[in-house]
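Let's have the full structure, built from the sequences with the hints guiding it.
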Amino acid sequence: MAALLSLRDLRVAFDGVATLRGLSLDIAPGEALGMVGESGCGKSITWLAALGLLPRKARVEGSARIGGTELIGAPPALLDDIRGGRIGMIFQDPASALNPVLRIGRQLAEALRLHQGLTGEAARAEAKRLLDIVGIPDAARRLNAYPHELSGGQNQRVMIAMALAGNPDLLIADEPTTALDATIQVQILDLLGQLRRERNMALVLISHDLGLVAEHCDRVAVMYAGQIVEEAPSDDLFARPLHPYAEGLLRALPRLTGPRQPLDPIPGTVPDMRALPPGCAFGPRCPRRINACRSTQPRLREAGRGRRVNCLNDTASPAASGTSGRMTGDAA
Amino acid sequence: MLRFLSLRLGRAALTIVLVVTFAFVVLRLSGDPAMLIMGAEASPEAIAAFRASWGLDEPIWVQYFAYFGALAQGDLGMSMRDGRPALDMVLDRVPATLALTVPALLIKIGLGIPAGIYAALHRDSAIDRAVMVLAIAGFTVPSFVLSLLLVLLFAVKLGWLPSGGNQTLLHAVLPVLTLGIGGAAILARFTRSAMLEVLNQPYVRTASAKGVPWRRVVVGHVLPNAMIPTVTIIGFMVGNLIAGAVVVESVFSWPGIGRMLVTAVANRDLAVVQTILLLVAATMVAANLIVDLLYGVLDPRLRQAPAARGGH
Ligand SMILES: Nc1ncnc2c1ncn2[C@@H]1O[C@H](COP(=O)(O)OP(=O)(O)OP(=O)(O)O)[C@@H](O)[C@H]1O
Ligand SMILES: [Mg+2]
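So the sequences go chain by chain: A and B. Taking the numbering used here, I'd label the letters of the first sequence as residues 354 to 685. Taking the numbering used here, I'd label the letters of the second sequence as residues 3 to 314.
These are computed hints drawn from the structure, not numbers from a lab. Remember, it's a predicted structure, so these values are computed and weren't measured experimentally. Where hints are given, some of them may not hold.
Stated by the list, open to error - Quick partial rundown of chain A residues pointing at chain B, CB under 10 Å, derived from the structure:
#, residue
1, 405
2, 432
3, 518
Even glycine gets a Cβ: it sits at the ideal position worked out from N, Cα and C.
Right, here's the structure in full:
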């Protein structure tokens with residue numbers, strides 16, 4: 354199937370520090386893609402860069418195309434049409450993501466006017482319908498509420514409703530439930546899944562939680578230090594992770610049921626983007642490191658059906674079970 | 003709302019009473035008006051007579067209650083110098099002061115807020131840096147220094163404007179500029195930082211992410227939030243409309259409240275000093291009250307008790 358959206362060699366640098374280091378990714382219509390990785394690995398800036406939402410000082414290179422339209426370097430008017438139109442985005446902390454001095458109804462109506470040309474009563478009726486769709490009880494009255502009068506979960510539903518106002522082909526949900534209680538988390542994720550199926554809307558779900566992502570997404574992209582290190586269908590990734598980092602993430606997950614743990618399974622810390630090692634960025638923390646990893650940067654390559662991996666010595670390599678390649682003793 | 007209002011009004015009244023009391027006590031303790039007004043050569047009998055006629059021989063608490071008793075009936079007492087009602091004398095001077103402070107306030111708002119907004123929106127640009135340098139200069143240079151600089155430049159060197167007095171409209175230019183520039187600098191700095199704070203808020207990114215054009219984001223989402231803290235400063239400036247020109251009026255020999263206050267304090271003209279302080283306090287308290295009410299209008303989060311928040 355032709356991709357809905359393609360990122361090609363997307364790069365972001367802040368003050369000369371390469372932070373997103375060449376990311377390529379396709380998203381098919383209606384697909385749910387998960388993105389996981391430790392804090393600071395570049396999950397958010399990938400999409401902020403694609404939508405032109407980074408501060409001016411950020412240098413963005415590469416390509417982000419949706420339906421043949423290039424977004425990188427696009428004129429503001431075109432980006433404004435795409436943002437909230439073909440691509441909706443919701444964020445982590447719903448309480449601060451809504452404008453505190455404007456009523457919910459007004460914030461929804463603004464999106465409806467921009468993307469559907471609705472005003473006045475028509476906008477209000479549609480705003481109410483959207484609130485109904487996302488499961489906010491007593492929607493007509495809630496239109497007059499301010500964000501602080503709603504709970505976090507309700508505010509996130511409002512954010513989703515607002516993103517739906519433009520009938521997006523793609524919804525990017527950047528840690529949409531991190532700030533919410535566990536039970537509300539489940540409800541919001543179920544809502545997103547349901548909306549995706551009903552509307553054949555593609556979904557990018559960003560999270561720290563590999564388990565959560567695998568449960569709600571067809572495909573997962575694992576990121577490390579500004580790059581994708583592994584990309585695979587969720588089931589395949591769970592069955593057999595190829596990248597040592599993905600393997601480490603998986604091993605840290607509790608089996609089947611049980612409480613989810615914070616994501617910090619792998620010894621060592623996230624590298625400083627200003628001083629990356631010359632070879633593989635994960636090298637210093639990698640249990641499978643071989644000599645080549647010190648000097649050669651691995652490249653993302655095909656690794657079977659729908660899979661890509663960015664590793665010189667992935668778990669499928671011949672050296673896999675041998676001890677010859679292991680260099681755990683001298684990690685930096 | 004009614005409770006809120008009566009609470010605030012009560013607090014306002016209390017503030018005024020405290021100011022008046024404080025002034026009353028300090029003034030009575032800090033020197034004897036009889037000596038000052040009658041002169042050093044006056045006979046002891048004359049001084050005693052003066053004190054008796056103004057009630058200065060009574061214990062201070064008797065004087066205090068007498069003062070408040072009269073105040074309750076709208077009587078603010080007579081000037082010991084002129085024998086005229088203090089209130090009339092003070093009110094006569096109000097227009098002259100407002101003639102400086104109101105135009106200055108307009109300059110502060112009209113210059114300071116746009117400069118602050120522009121600087122924040124073009125952060126780190128050459129203009130931002132220039133605005134900030136000027137703002138810090140205008141903020142740190144005391145008003146008497148600034149007024150002297152302006153006099154040196156426009157009155158002495160260029161000879162365009164008079165250096166003091168109040169005969170023509172031109173006489174108001176330098177004092178108004180002195181007041182306006184300093185205040186504009188404060189407001190520009192404050193507006194800029196309020197803007198920067200809001201520009202970093204997630205809801206601004208949300209607005210952009212839903213396709214609102216940048217101009218509309220600024221006008222519709224950033225400004226309404228950034229103006230909330232700015233209102234406090236403007237309210238403070240409004241509260242200073244009466245008292246804010248003391249130094250400048252003295253430097254430019256402008257016959258307003260400020261100069262009257264300086265003279266009255268020097269002369270221990272108790273009723274006049276107290277009337278001015280009362281007026282100043284009332285203006286400040288009123289401005290504060292308006293700011294509080296305006297806050298409620300501008301920020302819905304302050305309209306209700308936090309306990310009234312909705313559940314899931
Ligand atoms: N405005 C900015 N200026 C400078 N650096 C930035 C800026 N925004 C992001 N970065 C840097 O870019 C890197 C990636 O940030 P990003 O927000 O994409 O991480 P993330 O993967 O989304 O992490 P998290 O899980 O914490 O949200 C981080 O190292 C961060 O410090
Ligand atoms: Mg993020």
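Hints versus structure:
Taken as an interface hint, residue 405(A) checks out: its beta carbon lies about 8 Å from the nearest beta carbon of chain B, inside 10 Å. A hinted interface residue such as residue 432(A) counts as satisfied when its beta carbon comes closer than 10 Å to some beta carbon of chain B; here the least separation is about 8 Å, so the hint holds. Proximity of residue 518(A) to chain B holds as hinted, the smallest CB-CB distance being about 7 Å (cut-off 10 Å).
Consistency note: the structure conflicts with none of the earlier hints.
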